[in-house]
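Sequences are here, hints too, so could you generate the full structure?
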Amino acid sequence: MSSGFEKRLLVVWLALCAMTIVSLLAGSSDGRDAHMPNAAITSSTIAIALIKVRIIFREFMEVRHAPVLLSRLTDLWVLVTAVSLLGTYWAGMAFSTG
Amino acid sequence: MSAAATEAGTLPDAPSGSLLHRIVWHWRHNPKWELWFAWWMMVVFYNLYGVLFFMVTRVQPPPPAWLDASSVVQWFDDRHQGLLVGFAIVFLITGFIVPTNALLAYSMRRMSVSRAFPYSYLVIYSMSAVPGMLLTCVALTVGAMRPDRDPELIHWLYDFAFMAFDGTMGVFLIGSLVWMLAILLDENRVFPKWFAYLNLCNALTEVVVSPAWIFKRGVFAWDGAITWWIDMVVFVIYTTVFITLLRRMIVREDFGTGPLPELRTEEEAAEDARKPSVSMGTAR
Amino acid sequence: MRRTDGELILLWTLPALGVIWISAFLIFPGFVHPMSPTMSAEEVAAFYRDPKNLPRIRYSMILFNWFGVGMIPLLTLLVLQIRRMAHRTPIFSYCLLGCMAAGPTLFLIADLFWLLAAFRPERDPALIQLFNDLAWVTFTSQVPYLIAQSVILALAIYLDRQSRPVFEPWVAHFNLLIAAALVPAAFVGLAMGGAMAWDGLLSFWVKNVAIGLWVVVMGIVLGRAIHRQRAEEGVAA
Amino acid sequence: MTNVASDGSRPRGGDVQSLADEPAEATGYVPGQPDMWAFVLFEAFLFTGYFVVYMVCRIQNPELYLQSQAQLDLRIGTFNTFVLLTSSWSVARCVQSAREGEFRSALTNVFLTILFGFVFLVSKLLEWAHEIGKGFGFSSNEFFSFYYFLTAIHFLHLLIGFIVLGVVVHQLWSPARRSQELVETGATYWHTIDFLWVIIFALLYVMR
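Residue numbers (numbering that gives the first Met the number 0), protein chains in the order written: chain A, 0 to 97; chain B, 0 to 283; chain C, 0 to 236; chain D, 0 to 207.
You can trust all of the hints, since none of them are fake.
Here are the simulated lysine to aspartate or glutamate pairs, DMTMM-like style, with alpha carbons at most 25 Å apart:
1. B/Lys215 to B/Glu151
2. A/Lys6 to D/Glu180
3. B/Lys215 to B/Asp76
4. D/Lys133 to D/Asp72
5. B/Lys215 to D/Glu62
6. B/Lys31 to B/Glu186
7. B/Lys215 to D/Glu141
8. D/Lys133 to A/Asp29
9. B/Lys31 to B/Asp253
10. B/Lys192 to B/Asp253
11. B/Lys215 to D/Glu130
12. B/Lys31 to C/Glu167
13. B/Lys192 to A/Asp74
14. B/Lys31 to B/Glu261
15. B/Lys192 to D/Glu180
16. A/Lys6 to D/Glu101
17. B/Lys215 to B/Asp158
Quick caveat, the hints were computed from the structure, so don't treat them as lab data.
Printed below as a string of structure tokens:
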């Protein structure tokens, strides 16, 4: 049993680190001194961050064992944050180009 | 006044009839009169403050921190009579916020914690009204009294008023933390533990106000989206929650020193029926 | 026994305080004929610059600065008497503790503004007038805790349901009357002249006489209550 | 709507192989005091408020934000994220060890958490010192106001987190205490520091 949780937590941690590296690569893909608006980088970064948060909720914070209500509430937060952040960003892009 | 009816609901033999009749009855017979008095003072005066600050004087939501002297003079002119009348009423009634602090202190006295907690909370919150509210009202009254004063001086009074109002966060920060710690240590179950954590949230918003001392415009100024609007939402939620919880506390109060009896919902009554209960006798 | 000995000493500081306050009141040149809010900035500045006035302003306000919060020990005695009343909760004594933390602080702030105005009277008259306004408005309008104190004390006395209450019911009626007398002072911002202005009959004379009367009457009543308590506890011991 | 349906709809990192036994795992158990979750959710929505304000300000002046953002070092941000993820991992292991009665291992893990928290603290202080040294302070421009505000309010949560971990150590130290509930409550708080940072990292360092 002991090794069961060890292995699972290790896998979760490795996955989170891998996703962080993806963010790092995305963030350095356009060079350090030439920062330009880039919807692809922004959207993927925010999406990756929220997926990471959801993994932290479900695995580290054990929401997957928790009552459905808590599971729904945390998912609701992820959803609200995703919609409001991406929505604001996309609206801003639409206004500045239009 | 439907809320008065719910208050009567805590006493099975309370009379129905006119509001005055019921108040007189409770004054004579209700053993919890002192607590209900403090609670009703709290509800009435929080609402009155809302009306006075948002509608009569119209100083909240706060005006921009970046106004120049001539716009500030205009701002005072627009509200001249409202400021003078509204703040006069504030001066009249502010003292009646003290029963609120007394009730909050009482909630800590009912807990299984040291008396140091209620006393420090009582002093912190009684003192907080002076810089946090009354100085604001004095400065704005003085500003409104002489519209022909040098605009630069009126501008200074305006800054003084709003900085005093938004910038004295330390007292509320420490007060919330004292309450939080008391609730976490309490074994009498006066408040649920989540309310302790909500106190921490409220305390953190007091930290968030502090940039108002630095910024004249934007989201961190005294009228900013973060320092004012988001904090106000938190404060309203926090206040609503503690008014509700204090009401539950009074309903549950048994004037003992042990754990406060729970409110008896149907589920709990059914649970009590299954296992022998010792607390039932003291609950009523 | 030892407890009330100390209380009696605190109580007898009251006459001494009274003498100090009355003399400070008389020394301040702006009180006996209270300064009018209609004075122009130059007139206010001249008042502070007048070499006959300036020392009197400073010394009277320094006296108030020393002894302004002298009431707090006496109010504490009042709190202890409320504790003896037949109440179920300490709500009323907590209320009075709250009032006494905030009330004298406000008087201290008014005092501070007067002293600031007198510190550099050669300053721009508009600034002297600003400090003078702040001082007078704070001094006059800041009655909220005095009103609440009287009303809450009255309620506490009415609810003291025992065969020999700590204070007799007339003390409660008296406190309500005092509270009513303090009400007009809160509206000082509205009038530059007449009875409501800060030098007027209601806002100045009625208010300050009411406060003085309250201190005297409550001092006597408190003394009687403490003496009775001593007698009762002496019998018990 | 069952728990499984909502799980399956979203891609997840490392636990795809365990999806099969999901229904058996949904035991309806909340680790620690459920009360702490009220705090977590309240703070989470509060931070969403701060993030949205940041976003709204940012889209009005994207150039300024992009230029200022180039002054931050993405590698430091990534390092911070690694450190906090690792601290979260170790506090999760602490909870599991304590649950199985292996208190020595639980204590080791909570000390590791404190260590990683401390590494984060030091690196944040150094980063602030570096930015201030370059002349970018709290009121230099809008981006830096948000940068210092978000990192500082997060830092404050971290400082409170050390007190919380202190309580966890205190519980695990003596066999007389060892309240599993308090250990789990403390861990829930610590994970909050972690997941809030993940979003702050994305918004301040990476997005364009």
